[in-house]
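Student: These are the residues of each chain, in order.
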Amino acid sequence: MGNVKISAEKVEKRYNPGAPNEVLAIENITLDIQDGEFVALLGPSGCGKSTFLFMVGGFEKPTEGTLRLNGQPIDGPGANRGIVFQEYVLFPWQVVSKNIAYGLRIAGVSQAEQDRRVAELINMIGLQGFESAYPESLSGGMKQRVAIARALAYDPEILLMDEPFGALDAQTRARMISDLTRIHATTHKTTLFVTHSVEEAILLSDKIALFSARPSRIKRVFEIDLPHPRRVTDDGFVTFEREILESLEQEVSDTLDGRLDSAG
Amino acid sequence: MAGLVRGNRYTPFAAILLFGIVWEIAVRVSGINALLMPPPSAVLVRLVDMLGPGRGATPDFLLLRHIGMTLLALLIGFFLAALVSSAVGLIMGMNRAVYAWLNPIISMFMVIPNIAFVPVIILWMGLGLETVIVVVITGSCFPIIYTAAAGVQSVPQRMIWAAQTAGASRRQILTTVLLGATMPYLIAGHKLALGRAWRAVIAGEIFASTTYGVGFMIFDARTFLDSEAMFVGLIVVGLIGVTLERVLFGFVERRTVEKWGVSTAKDV
Ligand SMILES: Nc1ncnc2c1ncn2[C@@H]1O[C@H](COP(=O)(O)OP(=O)(O)OP(=O)(O)O)[C@@H](O)[C@H]1O
Ligand SMILES: [Mg+2]
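So the sequence lines, in the order shown, correspond to chains A and B. When we follow our numbering, the leftmost residue of the first sequence carries the number 1, and every step to the right adds one. When we follow our numbering, the leftmost residue of the second sequence carries the number 265, and every step to the right adds one.
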């Protein structure tokens, strides 16, 4: 704790720079994420949250500024990060246990150690009995849990999650939120969690980075110093929720005004 | 009975039986020259006869010899085509430049009916088994190349990212992700290709075979006005063709794509 794990300095991202279809997805983001911190990236749709996550993942490169991991500029993806996509993206031709063990196989870990690790993760995500099921036969929530286990299996330093609960029903989501809180409490992995949901963000995070509308900057950072487990009925929760929602509404109406101005 | 009419698993057999009965009646009622159009009963008797011991100049198990030769040419040709075309298709799918340069050529070859290659191949290689094998290869390689390339291109970017972030090298991505993710396409491509290969081997034998082969048998029977043997050949071609496509690939599909719950690329 206390060390800067990920640091973004004046990061800009343009897609297709110079081409007619150029998009300025991120204008200028400066943000420090501490080791072990759970940080939610919150913001209106299309503001570049996924883009930022994919740059930390090393899949996309900033067009300006620097993005550092452990003090080193990020240069491509690597096994010190684990990623969970909104669409799960499991390997459909492999059963659950094989999906989870993927990173371990890549790392050349012994079969015995793989089995041990998989059993441990299966327990953690509560999918006992589904080890030899194919992903297609699982529900959305189960698939998402397998995706989380796959990302955790090879013990990365950082967990990147892109709206992982976006497609889940309310009950499954509530369960996943408490699961993830528990997982974070035991693993202390630095986590970047992209979400649309103010509620999810407050329930889970140590820190919420609120993105402005595109081209995005960090509008505000909220430190959520509430104790776990958190409930939506807690006073602290309600206060934060009101504050963040106001800030978000402001953002949305600014965007609309901006559009009206440029249209007028 | 109602289920049979509406269509259940016995319907295909009933349909073929009915077709045979109509054919039999039509031949008998019309009094058409049996030399041109034999009744199915006579064809069946002949079929059984050809499976048994020979007579005079006819060798034993004549039909099985023909079928054996055809399957040999089919398997060698299809195996070679599958091996090379899968590799070419995967490389095409993975490399933009290779795709850009090869795709126009392959698209052109795809629309040429395979039989049009046969005279050229005979010109180069003469008659014989090798020629038939090459005809099978030209008939079956393009669908495999095409679907393998399309399969690789359909792999979601994020699936590759998921592997990269677990530390997979380029080579590991190929063996652990691309092959698996492309499997439904590879299977669909090979299924299509085996169907083409079967048509190709028969066509190839008609023109290029000199000893045995079902295609050769059909063409050779023409010289003796032996329409029964020709129809035996047609029936055998139909039966084996259906078996290859349905039964063999049904088996493969049940063990792969159906188990995984992913759809096969049918729209090729
Ligand atoms: N590969 C790409 N090529 C071109 N433009 C892109 C690409 N990916 C994203 N964009 C654009 O960049 C902007 C930011 O996209 P991004 O997906 O990062 O937003 P987001 O905040 O994750 O949105 P959402 O909440 O809807 O998922 C959008 O305008 C999007 O159209
Ligand atoms: Mg997104």
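Since the hints were made in silico from the structure, they are not lab data. Errors might be hidden in some of the hints.
Once the Cα atoms are required to be at most 25 Å apart in a straight line, the calculated SDA-like pairs of lysine to any residue come out as [stated by the list, open to error]: (1) A/Lys98 - B/Glu522; (2) A/Lys61 - B/Glu522; (3) B/Lys523 - A/Phe130; (4) B/Lys523 - A/Gly129; (5) B/Lys523 - A/Lys61.
As the structure is a computational prediction, the values presented were derived from the model and not from experiment.
Student: Run through the hints listed earlier and report the numbers of any the structure violates, in increasing order.
Tutor: 2 and 5
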